[in-house]
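Note that the protein sequences, when read in sequence, are chains A, B, C and D. Taking this note's numbering, the leading residue of the first sequence gets 3, the next gets one more, and so forth. Taking this note's numbering, the leading residue of the second sequence gets 3, the next gets one more, and so forth. Taking this note's numbering, the leading residue of the third sequence gets 3, the next gets one more, and so forth. Taking this note's numbering, the leading residue of the fourth sequence gets 3, the next gets one more, and so forth.
Hints may contain errors.
Pairs involving identical chains hold if they fit within one copy or between any two copies, as the list cannot separate such chains.
Calculated lysine-lysine pairs in the DSSO-like style (CA-CA distance at most 30 Å, straight line) [to be verified]:
| no. | residue 1 | residue 2 |
| --- | --- | --- |
| 1 | Lys226 | Lys82 |
| 2 | Lys82 | Lys161 |
| 3 | Lys24 | Lys186 |
| 4 | Lys161 | Lys92 |
| 5 | Lys89 | Lys226 |
| 6 | Lys4 | Lys229 |
| 7 | Lys82 | Lys221 |
| 8 | Lys82 | Lys229 |
| 9 | Lys212 | Lys92 |
Derived by calculation from the structure, the hints in this document are not laboratory data.
Protein chains: 4
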Amino acid sequence: MKSRYDRIKQEAYEANMQIPQKNLAIYTFGNVSAYDPELAVFAIKPSGVPYERLTVDSMVVVDLENTIVEGTLNPSSDTKTHSVLYKEFKGLGGITHTHSPYAVAWAQAGRSIPVYGTTHADHLTEAVPCTAVMSDELIRENYETSTGYQIVQCFQDSKLSYAEVEMVLVACHGPFTWGKTAEKSLYNSAVLEELAKMALFTEQVSSQAKPLKAALIDKHYQRKHGKDAYYGQ
Amino acid sequence: MKSRYDRIKQEAYEANMQIPQKNLAIYTFGNVSAYDPELAVFAIKPSGVPYERLTVDSMVVVDLENTIVEGTLNPSSDTKTHSVLYKEFKGLGGITHTHSPYAVAWAQAGRSIPVYGTTHADHLTEAVPCTAVMSDELIRENYETSTGYQIVQCFQDSKLSYAEVEMVLVACHGPFTWGKTAEKSLYNSAVLEELAKMALFTEQVSSQAKPLKAALIDKHYQRKHGKDAYYGQ
Amino acid sequence: MKSRYDRIKQEAYEANMQIPQKNLAIYTFGNVSAYDPELAVFAIKPSGVPYERLTVDSMVVVDLENTIVEGTLNPSSDTKTHSVLYKEFKGLGGITHTHSPYAVAWAQAGRSIPVYGTTHADHLTEAVPCTAVMSDELIRENYETSTGYQIVQCFQDSKLSYAEVEMVLVACHGPFTWGKTAEKSLYNSAVLEELAKMALFTEQVSSQAKPLKAALIDKHYQRKHGKDAYYGQ
Amino acid sequence: MKSRYDRIKQEAYEANMQIPQKNLAIYTFGNVSAYDPELAVFAIKPSGVPYERLTVDSMVVVDLENTIVEGTLNPSSDTKTHSVLYKEFKGLGGITHTHSPYAVAWAQAGRSIPVYGTTHADHLTEAVPCTAVMSDELIRENYETSTGYQIVQCFQDSKLSYAEVEMVLVACHGPFTWGKTAEKSLYNSAVLEELAKMALFTEQVSSQAKPLKAALIDKHYQRKHGKDAYYGQ
């Protein structure tokens, strides 16, 4: 029997299955959700279930108040962070959270990832931002919801556009990424891990490494994302 | 013909086979045991046999005095360390020992692994402890048994609970992990290797990296292991 | 129906498929072309198409003025860099560009890769050169064509032979490699990534590491490439 | 038709095929030989042939004066190094040479690998030695033969036993390992790469890391290799 949530459940399932395939997390350390803007609900990985036991029907459908509207399992413990981002960052179709080791290292070190090269500039023109550390009060009160607002605050403070910068490091924790679809958010997690790895290696090759100059950042970003973009089909 | 040790032999076999699958050791450099608390015996990998030649029936069943009660092969040379831990740390169902390279690096450097982020705090609230180096006298006398007591001493000196901190680094050697089941002990070895890798990368990203603050450690540990835990099913 | 471009399309296809197989780039971050010197055209990967969806017939055939002569898709956004190299470096049969992480790290750090050992000297007698950073004017005008001339300039300034040194790092960007065939250019990309990795590890093992002395460089290069070469069949 | 070299050709073939399987070299950057002490000949990989095209019959059989006694292909360019070692180190059954990246890094840095832990002491009680750099004269005259004597000299100068220390780093080049059989020599190459990796990581975790103390080295080596060894079956 068809459910009207079938599309987002299928999308969420497929993107979650890419987490282990792309080595973005071991065991259950990552989750993807897919959003339906018309129904204002999203399908997300059930909490603590290993990827090899996931099925399309095990995806949990939740509304923006975090109420389960379909599914028999508990949703990911990070569900409230996802719902804040869908509410505040209009137009997202998917969100991915992983514990990929290089991105986690930058998050644990509390550093934004500088734009060291064109691989980075092909995707975003800014350093990958790292949030502030949350206050003890917020941690104790409503931690996962506050994590979402921590991200929103970070983008406001840094005057970043979430439509251009589709990734963030939550300090001491790890990466969240998003995009127009669940698959695109997963893609952004894989790209972020590659950028985090390349940036660390770059600093190891030279402690004098400098961020990319503005003209190169602009060129690479615009040829892929600008109005006269000529990358892709 | 059924043996009353079939359950622990099966468990030990399956967990041992995960050592190469999860890249936790090359060749024969790791072993898992599964404990039966009613019979006070455990099944453990035979010594020096490559994983691809293991079978359920090749598992060696040993009692807490290290006497073989079933099996035709020599048990792992680390057997006496396992038996000390089963005797001293009541309630364990399985123990894993590997030579996974990042965990070994911290053990060889003689450093505990600081709690740098939430991946760590999801599993334990303390640094992964590293034992003291054994005295020459103990090394010469009864090395493997002393290794077990070295671990017990480390937990007593640091006032750590083995029920909460299910992993340790034996200085100059490598990791031992445990849990309610053999599979859980293997899981803890894979998690420890990931934590050891992330912690090294974190220090490479910033020599100023600081351990996680108490409120975040507590939050992540409690949401997964506390009485009001809401992680998992 | 046979096209007279079938050979180069087949060669380009096969070499492009090795990019993910040899872990030289994730997603679409790399491209190979194969050149036909008689027809003065080359076959190149279509822009933005994932490797798993490539077919021989999806390869785009382009002449040295970057005009498409066969194919329905847009060619790689790096096409103009390839055509400059085919024009200026006579005798090339193939060119590969990847974003392999260790080579990218040296490019982002703006450092040439020193000849630290015989693995390097088996392939080239010089440091792998790193170009200068392009001027803002050139970046804005005709970026991909200028990238090609940046490489040519680098070889002229350093008095390097492109027939002997079949690889370069474009500063802030990543590696380009070439050879008598597309497959050889791909081989050189894999070798370069290995050299870049070994060179970084060497400096991490010892900050005092010194480049190989001339006699060893000469010996290893000549036994494989000299007139009395005795390596291979 | 059976040849009296079938056993060593089969052994050499199987051990060579493990080089790519265990990620010890890319392309053709490694070779294994298997020795027959009665016939005083060894079977070795043909030069420059990729592993996926090797067959048992492509192995080249060579005597200790480097004369081909069976086979239609050129033997490995490192053949003369193998023959010196078989002549000087009596009792070897196999030799492996690879360009595995961590071992190469120590060789390129010109450093012996300290005994940092029990993984090392399980296999040898000494640092993995690194030879001196060869004089220009020897390099130009008979390079591969001189490489063999460089290794022999290194063991004499350091008063090391080749029967106990079955591995060496040739400065600026990479590892050679040996053993009672070709398979054991290959095993030693895989172990050496793991020790090289662990030793680098150990120094990265702590610049104060100290070599293992004598009692632990002795204990681990003796329990596996001593007259009262109790490791294995």
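Review point. Which numbered hints does this structure break?
Key: 6 and 9
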